[in-house]
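Going down the list, the sequences are from chains G and H. Residue numbers for the first sequence follow this note's numbering, beginning at 1 and rising by one. Residue numbers for the second sequence follow this note's numbering, beginning at 1 and rising by one.
A few of these clues could be false.
Okay, the calculated beta carbon distance ranges per label pair [to be verified]: (1) H/L45 x G/G22: 25 to 33 Å; (2) G/R3 x H/E154: 43 to 51 Å; (3) G/C4 x H/L197: 44 to 52 Å; (4) H/Q191 x G/H44: 44 to 52 Å; (5) H/S2 x G/N20: 49 to 57 Å; (6) G/R59 x H/K132: 26 to 34 Å; (7) G/V43 x H/D157: 54 to 62 Å; (8) H/V102 x G/P50: 39 to 47 Å; (9) H/L194 x G/G47: 36 to 44 Å; (10) H/E214 x G/M7: 32 to 40 Å; (11) H/K177 x G/N20: 24 to 32 Å; (12) H/K192 x G/N20: 35 to 43 Å; (13) H/T216 x G/F64: 24 to 32 Å.
Just so you have them, the derived chain G footprint on chain H, three or more residues with Cβ under 8 Å [to be verified]: (14) 62-72; (15) 83-97.
If you are wondering where the hints come from, they were derived from the structure by calculation, not from laboratory data. Beta carbons: idealized from backbone N, C-alpha and C, even for Gly.
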Amino acid sequence: MMRCLGMVDSGELVTVVGLNGGFGLCRKLADMGLTPGVSLKVVHSQGRGPIVVDVRGSRIALGFGVAQKVMVDGRG
Amino acid sequence: MSEVTIALAGNPNTGKTTMFNNLTGARQHVGNWPGVTVEKKWGGLKHQGYDINVVDLPGVYSLTAYSPDEVIARRFVVEERPDMVVDIVDAANLERNLYLAVQFLELGAKLIIALNMTDVAASRNHRIDAEKLSQRLGVPVVRTVANRNQGTKELLDCIVNLGQSVNDADFRIDYGKEIEREIKNLQEIIQKSLLSLNYSPRWLAIKLLEEDDEVTRIVQGKG
Numbered sequence: 001m002m003r004c005l006g007m008v009d010s011g012e013l014v015t016v017v018g019l020n021g022g023f024g025l026c027r028k029l030a031d032m033g034l035t036p037g038v039s040l041k042v043v044h045s046q047g048r049g050p051i052v053v054d055v056r057g058s059r060i061a062l063g064f065g066v067a068q069k070v071m072v073d074g075r076g
Numbered sequence: 001m002s003e004v005t006i007a008l009a010g011n012p013n014t015g016k017t018t019m020f021n022n023l024t025g026a027r028q029h030v031g032n033w034p035g036v037t038v039e040k041k042w043g044g045l046k047h048q049g050y051d052i053n054v055v056d057l058p059g060v061y062s063l064t065a066y067s068p069d070e071v072i073a074r075r076f077v078v079e080e081r082p083d084m085v086v087d088i089v090d091a092a093n094l095e096r097n098l099y100l101a102v103q104f105l106e107l108g109a110k111l112i113i114a115l116n117m118t119d120v121a122a123s124r125n126h127r128i129d130a131e132k133l134s135q136r137l138g139v140p141v142v143r144t145v146a147n148r149n150q151g152t153k154e155l156l157d158c159i160v161n162l163g164q165s166v167n168d169a170d171f172r173i174d175y176g177k178e179i180e181r182e183i184k185n186l187q188e189i190i191q192k193s194l195l196s197l198n199y200s201p202r203w204l205a206i207k208l209l210e211e212d213d214e215v216t217r218i219v220q221g222k223g
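Build out the structure end to end from the sequences listed, making use of the hints.
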């Protein structure tokens with residue numbers, strides 16, 4: 001099931017399927033390792049405010065607005 | 001006596017500062033990079049008759065120009081032109097870390113890869129063929145464990161060796177027919193301008209195609 005990263009609960013493992021941002025945001029996210037196909041774990045999310053994800057061995061904090069632009073699929 | 005300036009670069013939390021402390025010991029200075037509140041640290045040491053100046057760059061994931069620390073890291077390498085860049089790579093997260101290494105190579109920097117945290121990588125059963133990595137990228141790769149001060153001497157030897165050689169690195173990524181054609185067109189124009197004195201024409205061309213804000217400004221200003 002596809003949804004945005006902002007909707008994922010803490011502890012869930014998901015796979016990135018797409019980025020719904022502009023050119024600059026997509027590049028920045030790619031620089032940080034958030035590319036389509038990569039799996040990540042949501043470490044901390046409250047359904048609002050910034051979330052923390054574990055991706056490619058680093059923990060990254062994303063603003064909620066940014067997290068809503070990252071499309072993910074259920075299983076990581 | 002010869003002098004070499006090296007920049008320590010790498011992703012955040014790969015051990016740059018630990019390595020910096022190993023290299024310089026107490027002989028270091030802390031200040032600010034001009035205009036921004038990002039700490040600047042530099043220090044020096046002597047090795048095999050060489051005066052080695054070490055500058056600790058902010059930890060970054062890439063050399064785009066979004067945040068002040070990225071801009072600083074890039075400007076330092078592009079404009080101040082250190083004799084070489086030592087990229088501290090977290091061996092336990094090689095894929096993520098090599099992205100930055102490739103960007104330094106694209107810039108045309110003389111690069112040494114310090115494969116750090118090799119103990120952590122080993123404990124996760126990652127086996128890394130440092131020699132093959134070195135062949136593929138065309139740069140020296142030194143294994144280190146900075147928090148136990150292992151590999152520091154080897155790294156220094158490598159710095160001195162590389163300091164004596166000319167930069168013959170010919171690293172390039174093939175971006176495919178269409179993009180390469182545009183890169184070539186831009187590169188030819190850049191080569192005829194004064195910009196080619198200070199910047200690698202291929203790098204400028206790539207960054208222009210990426211619509212990189214800072215490079216666009218540089219080209220508009222001087223082009």
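The hints, checked one at a time:
1. The supplied range of 25 to 33 Å is broken by H/L45 and G/G22, whose beta-carbon atoms lie about 45 Å from each other.
2. Judged by the Cβ atoms, the range 43 to 51 Å given for G/R3 and H/E154 holds: they are separated by roughly 49 Å.
3. Between G/C4 and H/L197, the C-beta spacing of about 47 Å keeps the proposed range 44 to 52 Å intact.
4. Distance hint check for H/Q191 and G/H44: the Cβ-Cβ separation is about 50 Å, which falls inside the suggested range of 44 to 52 Å.
5. With their beta carbons about 53 Å apart, H/S2 and G/N20 fall inside the hinted range of 49 to 57 Å.
6. The hinted window of 26 to 34 Å between G/R59 and H/K132 holds, with their beta carbons roughly 30 Å apart.
7. The hint said 54 to 62 Å for the Cβ distance between G/V43 and H/D157, and at roughly 41 Å that hint is violated.
8. At roughly 29 Å, the beta carbons of H/V102 and G/P50 sit outside the given window of 39 to 47 Å.
9. Taken as a hint, the range 36 to 44 Å is violated for the pair H/L194 and G/G47, whose Cβ atoms sit roughly 54 Å apart.
10. Judged by the Cβ atoms, the range 32 to 40 Å given for H/E214 and G/M7 holds: they are separated by roughly 35 Å.
11. At about 29 Å, the beta-carbon gap between H/K177 and G/N20 stays in the expected band of 24 to 32 Å.
12. Distance hint for H/K192 and G/N20: a CB-CB separation of about 41 Å, consistent with the stated range 35 to 43 Å.
13. Take H/T216 and G/F64: their Cβ atoms lie about 31 Å apart, and the range 24 to 32 Å holds.
14. Here the region 62-72 of chain H counts 3 residues with a CB under 8 Å from a CB of chain G, which clears the bar of 3, and the coverage holds.
15. Under a criterion of three residues with beta carbons nearer than 8 Å to beta carbons of chain G, the stated coverage of the region 83-97 of chain H is upheld, 5 such residues being counted.
Hint compliance for this structure: hints 1, 7, 8, 9 are not met, and every other hint is.
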